[in-house]
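> Chain by chain, the residues run as shown.
There are 2 protein chains.
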Amino acid sequence: MSLLVTGSIGIDTVITPFGHAESVLGGSAVYFSLIASQFTPVRLVGVVGEDFPPEFRRVLEARPIDLAGLEVRQGSRTFRWSGKFEGAMNEAETLNVHLNVLAEAPPPVPHAFLDSRIVFLANTHPGLQKALIQQLHAPKLIVCDTMNLWIRTQRSALLEVFSLVDGVIINDAEARELTDRVNLVEAAQKLLTYGPKFAVVKKGENGALLVTEQGTTSLPAFPTTRVCDPTGAGDTFAGGILGYLAQCGDAGPASLRRAVARGMVAASFTIEDFSVGRLRTLTRREFDARLEEYLRMLHID
Amino acid sequence: MSLLVTGSIGIDTVITPFGHAESVLGGSAVYFSLIASQFTPVRLVGVVGEDFPPEFRRVLEARPIDLAGLEVRQGSRTFRWSGKFEGAMNEAETLNVHLNVLAEAPPPVPHAFLDSRIVFLANTHPGLQKALIQQLHAPKLIVCDTMNLWIRTQRSALLEVFSLVDGVIINDAEARELTDRVNLVEAAQKLLTYGPKFAVVKKGENGALLVTEQGTTSLPAFPTTRVCDPTGAGDTFAGGILGYLAQCGDAGPASLRRAVARGMVAASFTIEDFSVGRLRTLTRREFDARLEEYLRMLHID
Chain A
1 MSLLVTGSIG IDTVITPFGH AESVLGGSAV YFSLIASQFT PVRLVGVVGE DFPPEFRRVL
61 EARPIDLAGL EVRQGSRTFR WSGKFEGAMN EAETLNVHLN VLAEAPPPVP HAFLDSRIVF
121 LANTHPGLQK ALIQQLHAPK LIVCDTMNLW IRTQRSALLE VFSLVDGVII NDAEARELTD
181 RVNLVEAAQK LLTYGPKFAV VKKGENGALL VTEQGTTSLP AFPTTRVCDP TGAGDTFAGG
241 ILGYLAQCGD AGPASLRRAV ARGMVAASFT IEDFSVGRLR TLTRREFDAR LEEYLRMLHI
301 D
Chain B
1 MSLLVTGSIG IDTVITPFGH AESVLGGSAV YFSLIASQFT PVRLVGVVGE DFPPEFRRVL
61 EARPIDLAGL EVRQGSRTFR WSGKFEGAMN EAETLNVHLN VLAEAPPPVP HAFLDSRIVF
121 LANTHPGLQK ALIQQLHAPK LIVCDTMNLW IRTQRSALLE VFSLVDGVII NDAEARELTD
181 RVNLVEAAQK LLTYGPKFAV VKKGENGALL VTEQGTTSLP AFPTTRVCDP TGAGDTFAGG
241 ILGYLAQCGD AGPASLRRAV ARGMVAASFT IEDFSVGRLR TLTRREFDAR LEEYLRMLHI
301 D
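Protein chains in written order, with my numbering: chain A, 1 to 301; chain B, 1 to 301.
In case anyone wonders, no lab produced these hints; they're calculated from the structure.
All of these numbers come straight from a predicted model, not from anything done at the bench.
Take these hints with a grain of salt, some might be off.
Here are some chain B residues the structure puts well away from chain A; computed CB gaps all over 12 Å [what the hints assert, rightly or not]:
id, residue
1, P64
2, A68
3, R278
Short derived list, chain B residues pointing at chain A, Cβ under 8 Å [said to hold, decoys possible]:
id, residue
4, G83
5, G87
6, L136
7, P139
8, T225
9, L282
10, T283
11, D301
All C-beta atoms, glycine included, are put in the ideal place defined by N, C-alpha and C.
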């Protein structure tokens, strides 16, 4: 089933206890697409500036990612972010952010993409998320992310978006702030009252919660000592979820549980190297082997 | 297989966002015994003062817990602790602690208990833990807990205890402090170099890690909105683990994984009420029903 993602495409500089990566490929739509394309072709909608390096574009071209919706805007500069992870590396400290082209008009959605059935709206201004939803002809499943900035400054616009989507994938701090609930199961249950049929709450190294009307599933992260750079872990988590749902064409409770497990495995690869280093070389065989290991770990009689 | 526990028996006062419980039954050995006795009879070694209320003793007498090792020391007062949980309630703030009888000589171990095969040493001074180990005639499995105080002040005595036990069950902050490792899988792996064959790292609402030479298992907590008072959750977690291991008479990797799952379910009941309120009424049927629900949640294909 056709899968569309829109989100940021950026140039990152990241410092972690394990080293430092300067001006590397990043952005939510990039991380999402690289892993979702392991399951199904991906249609990417995003905008970069004329400074976007051709070798970054080639990373995306090497995968089944349709770049018809990737606008290179002349006279503009690409989104840049720099951040630092310390200690348990559960949260990045943003050192610098230049929205650049992301602060301008959004990229147009190619006409050929408007029939997309499965859609992921990575974090951006809720107004833009709504505008994109309204262009779609026959979406079957729309899922969105957001961030604390919009929760604080665009709450009503954000709640309107939530009323239009089928699922949300947000992190624990965002879920707590938006719902004013400390208990994460309660927070996720309250998210459902805004409209979505499912809510996934990301807890970094502590895994995630999936809450639907049918119940709650709590899953751990894949335990690993190979943690180099957590940048993009949440976006690849979403990419694994949506990629799987698009591949299997179903979003019922059992499929959602399987999808979240695949998201967890996806994230465990991302963090093994800086930027998209590990995702570029990842094979489906490697993914499936780790997925089997993860599911075996959880299978207790 | 005979199961012995030694640890604190106390009178707690606890404040949580959901209320307040004054002078209620508490202590690591109490929480441990109440749940472990769902699986197998428990031999309890501990000491209280002459102020220990008879109704608290009756709570223990109502379960298959052998109190031959419960000393009531005349002229002494029972251990008292008061603490407060706030926010996500992951950690208690200690408001007051009176060691009282716990600062005196340890209780003698009844001769009839010295043949115990499975032994849990709840948190206490490492010197006392070692003294107890040395009295045992033919232990098959010894597991211990500890706390940050001993990590900071009795490091070499603690490492000596670790070299004498088969397993450790400690929390994430303790594992990090003791091993000087931030990554919890690495921390647990380093714990094994001190001697134990397995290490369980407790992460509160985020579940736990089990690390053996054969590999790592990460399990989530049972997701629940019924969180009233986390006091004793870690001790009941250990009680579920050891109770199951004593019942099945095996501590191989597969049994350990099953045991940790049972510990997780045990803890989920403890937190539903103040003190041992929920554990007093808990039936094995209720336990098994939730265990089945928990294992089903984790079983993904």
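> Tell me if T283 (chain B) is really an interface residue toward chain A, meaning its C-beta lies closer than 8 Å to one of theirs.
violated, 22 Å
> Checking hints one by one. Is P139 (chain B) an interface residue toward chain A, by the C-beta closer than 8 Å rule?
Hint violated; P139 (chain B) Cβ to chain A Cβ min 26 Å, cut 8 Å.
> Hint check: is the beta carbon of L282 (chain B) less than 8 Å from a beta carbon of chain A?
Check failed: Cβ of L282 (chain B) comes no nearer than 21 Å to chain A, outside 8 Å.
> Hint check: is the beta carbon of L136 (chain B) less than 8 Å from a beta carbon of chain A?
violated, 30 Å
> Check the non-interface label on A68 (chain B): least C-beta distance to chain A beyond 12 Å or not.
holds, 35 Å
> Hey, does the G83 (chain B) contact hint survive, CB to chain A under 8 Å?
Cβ of G83 (chain B) sits 18 Å from chain A, so the hint is violated.
> Would you check whether the claim that P64 (chain B) is not at the interface survives, using Cβ distances to chain A and the 12 Å cut-off?
P64 (chain B) clear of chain A: closest Cβ-Cβ about 26 Å, beyond 12 Å.
> Going by Cβ atoms only, is G87 (chain B) closer than 8 Å to chain A?
Hint on G87 (chain B): holds, closest Cβ of chain A at ~6 Å, below 8 Å.
> Verify this label for me: R278 (chain B) is non-interface relative to chain A, using a Cβ-Cβ cutoff of 12 Å.
Given a closest Cβ separation of 17 Å, the condition holds.
> Hold the hint about T225 (chain B) up to the distance rule: shortest CB distance to chain A must be less than 8 Å.
holds, 5 Å
> Is the hint on D301 (chain B) kept, meaning its closest Cβ partner in chain A is under 8 Å away?
holds, 7 Å
Going through the hint list in order, the structure does not satisfy hints 4, 6, 7, 9 and 10.
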